[in-house]
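K.L.:
Single-letter residue listing:
Number of protein chains: 2
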Amino acid sequence: SGVRERADELALRCSSFMAQPVTALSELRARQGDMKTQMELLIMETQAQVCQALAQLDRGANFSVDRWERKEGGGGISCVLQDGHVFEKAGVSISVVHGTLSEEAAKQMRNRGKVFKTKNGQLAFSAMGVSSVIHPKNPHAPTFHFNYRYFEVEEADGSKQWWFGGGCDLTPTYLNQEDAVHFHKTLKDACDQHDPSLYPKFKKWCDDYFIIKHRGERRGIGGIFFDDLDSPSKEDVFHFVQSCARAVVPSYIPLVQKHCNDPFTPQEKQWQQLRRGRYVEFNLLYDRGTKFGLLTPGSRIESILMSLPLTARWEYMHAPSKNSKEAEILEVLHHPKDWVH
Amino acid sequence: SGVRERADELALRCSSFMAQPVTALSELRARQGDMKTQMELLIMETQAQVCQALAQLDRGANFSVDRWERKEGGGGISCVLQDGHVFEKAGVSISVVHGTLSEEAAKQMRNRGKVFKTKNGQLAFSAMGVSSVIHPKNPHAPTFHFNYRYFEVEEADGSKQWWFGGGCDLTPTYLNQEDAVHFHKTLKDACDQHDPSLYPKFKKWCDDYFIIKHRGERRGIGGIFFDDLDSPSKEDVFHFVQSCARAVVPSYIPLVQKHCNDPFTPQEKQWQQLRRGRYVEFNLLYDRGTKFGLLTPGSRIESILMSLPLTARWEYMHAPSKNSKEAEILEVLHHPKDWVH
Chain S
52 SGVRERADEL
62 ALRCSSFMAQ
72 PVTALSELRA
82 RQGDMKTQME
92 LLIMETQAQV
102 CQALAQLDRG
112 ANFSVDRWER
122 KEGGGGISCV
132 LQDGHVFEKA
142 GVSISVVHGT
152 LSEEAAKQMR
162 NRGKVFKTKN
172 GQLAFSAMGV
182 SSVIHPKNPH
192 APTFHFNYRY
202 FEVEEADGSK
212 QWWFGGGCDL
222 TPTYLNQEDA
232 VHFHKTLKDA
242 CDQHDPSLYP
252 KFKKWCDDYF
262 IIKHRGERRG
272 IGGIFFDDLD
282 SPSKEDVFHF
292 VQSCARAVVP
302 SYIPLVQKHC
312 NDPFTPQEKQ
322 WQQLRRGRYV
332 EFNLLYDRGT
342 KFGLLTPGSR
352 IESILMSLPL
362 TARWEYMHAP
372 SKNSKEAEIL
382 EVLHHPKDWV
392 H
Chain B
52 SGVRERADEL
62 ALRCSSFMAQ
72 PVTALSELRA
82 RQGDMKTQME
92 LLIMETQAQV
102 CQALAQLDRG
112 ANFSVDRWER
122 KEGGGGISCV
132 LQDGHVFEKA
142 GVSISVVHGT
152 LSEEAAKQMR
162 NRGKVFKTKN
172 GQLAFSAMGV
182 SSVIHPKNPH
192 APTFHFNYRY
202 FEVEEADGSK
212 QWWFGGGCDL
222 TPTYLNQEDA
232 VHFHKTLKDA
242 CDQHDPSLYP
252 KFKKWCDDYF
262 IIKHRGERRG
272 IGGIFFDDLD
282 SPSKEDVFHF
292 VQSCARAVVP
302 SYIPLVQKHC
312 NDPFTPQEKQ
322 WQQLRRGRYV
332 EFNLLYDRGT
342 KFGLLTPGSR
352 IESILMSLPL
362 TARWEYMHAP
372 SKNSKEAEIL
382 EVLHHPKDWV
392 H
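Those protein sequences? They're chains S and B, same order as listed. Its first residue numbered 52, the first sequence is counted upward by one per residue in our numbering. Its first residue numbered 52, the second sequence is counted upward by one per residue in our numbering.
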């Protein structure tokens with residue numbers, strides 16, 4: 052009856068999700084202690100929490116919920132709110148996939164230093180994650196992105212490698228010091244619960260990753276970013292990722308709440324559109340996840356490109372005037388700041 | 052006095068250009084028979100003709116003319132008309148550069164099958180070209196792109212390799228059969244003056260090149276595309292490229308003239324914006340010139356990205372209804388047609 056209770060608890064937990072998990076309930080029940088189960092439940096829970104918070108803020112807007120299957124194994128659930136009251140476009144997607152690692156994917160991992168024992172070059176893998184990009188309408192409310200994921204690769208001799216990756220970052224159109232501090236402070240608190248060395252390391256990693264190289268500028272004011280995290284233990288890293296995932300709503304939602312009714316000028320809206328253009332440049336030219344997804348056969352294009360804004364703009368030779376609010380944010384994008392010390 | 056006459060002829064020719072050529076007049080005079088001189092004059096002439104035709108159509112709009120220098124050798128002239136009466140954004144840029152081939156560039160050429168004799172891995176090169184993207188405002192007037200270029204590489208033993216490349220292609224928001232036939236017919240006529248085998252070969256090359264792979268659709272209804280063209284002779288290929296360059300205005304300008312005052316609905320404008328989004332996807336993800344330019348140190352980012360539209364849009368899961376005008380163009384983008392037989 053202990054098992055039965057846990058089963059009911061699982062059904063109850065799933066009842067708050069945006070859709071039934073990709074993995075059948077019976078299978079999740081059968082392997083409750085497994086990290087794959089724990090992580091699938093965490094990403095489902097995160098998706099539901101974020102969507103609920105966004106829908107509430109958008110005065111009850113409805114998310115379109117698409118459940119899709121991947122021919123090669125697994126599937127996903129994409130939740131998108133488009134052209135709402137507060138949000139121009141907000142996508143929160145989970146995917147739970149498994150199968151054989153593509154040549155491309157294995158190569159990318161080896162380039163990051165991983166060593167795999169293969170047989171006939173084949174590697175079984177299991178991957179799951181939640182990923183989201185949120186573009187509010189008001190130019191004073193920042194754009195936000197987060198992604199948390201878990202990976203397992205099974206080698207030829209049956210041994211398994213696993214790691215977690217993820218992060219979140221903020222892309223304001225205009226700089227608001229208070230917002231930047233709130234955002235980074237919330238992330239730091241989540242990290243510090245586990246190890247005080249994590250936030251500084253992952254903050255720097257984020258600043259180094261989200262660079263629009265050809266412009267010599269960052270995409271936004273950063274946050275945290277990490278990959279290949281596999282120590283001290285699976286449970287420890289999971290708990291760290293759980294803290295990060297639970298920090299998503301408190302780090303971001305108050306900022307939109309605060310600014311979604313701010314007055315703005317057509318010039319401010321136009322500057323937001325130009326920054327959206329830069330967001331597109333980063334995502335299509337440099338983002339590993341996007342590039343990898345687009346090159347992977349059988350991937351769901353609409354879920355990958357839901358990260359793109361509804362609208363964007365490119366002006367030839369646009370340059371903000373000196374000492375303007377537009378120049379202020381550009382300065383920070385060229386020289387990242389320390390927000391919490 | 053024959054030399055003096057030719058010199059004056061040269062000065063007269065230059066007087067119609069958008070700016071003084073990148074190469075000093077004295078140097079152009081000194082090597083009048085050289086292909087580099089002939090090609091630089093052709094690209095300057097093409098830039099001037101196209102800009103003049105565009106400005107006239109846009110009721111006297113002014114082009115911004117930027118002359119820029121490349122620290123590593125050479126420079127360029129970028130002419131851009133932005134937010135005009137008829138054109139949302141029209142850029143016509145020339146560049147004349149020389150120096151040492153970057154590792155990246157040499158690799159890209161070797162991948163296309165070229166073999167170079169190097170000393171210490173160094174290769175001197177000279178490259179010049181004209182390149183343009185034109186986005187009209189009216190959704191019934193098509194977007195247009197063209198590029199013609201000449202390349203020389205000097206090997207370690209002093210011997211030179213040379214080739215021409217280029218092409219042009221049309222990207223309508225809505226299909227207009229008559230326009231498509233006019234466009235392809237004009238290109239075919241230009242090609243047929245030189246060899247009847249050229250148009251079919253370069254039309255197919257164009258259909259194969261301008262593919263948005265992850266969407267499984269072409270960027271537009273094609274045109275012509277070629278690269279590494281080095282036979283039968285330098286003069287022959289130059290004359291072919293000259294015919295192509297002179298076909299730019301007659302192939303495209305009449306189409307904008309015809310449609311720039313067409314009535315259109317907000318829905319048609321929105322469909323144009325979605326197609327602009329696809330244009331951005333192709334240019335940032337697949338276009339060789341753009342990717343190559345962005346990766347090349349010292350390149351002028353604003354001139355490379357002037358190809359991006361002023362505005363673009365991405366909707367999650369947008370799909371035109373069956374038998375609509377939007378579905379009609381998508382069908383052609385999935386299955387290229389033969390327009391001139």
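In short, the hints are calculated from the structure, not lab data. It cannot be assumed that every hint is accurate.
As the list makes no split between identical chains, a pair holds if one copy fits it or if it spans any two.
Cross-link-like lysine-lysine pairs, in silico, BS3-like; alpha carbons within 27 Å at most [claimed, not checked]: (1) K264 / K342; (2) K122 / K264; (3) K188 / K87; (4) K170 / K264; (5) K252 / K122.
The structure displayed is predicted, hence computed values, not measured ones.
K.L.:
Does the structure break any of the earlier hints, and which numbers would those be?
P.N.:
Going through the list in order, the structure violates hints 3, 4, 5 and respects the others.
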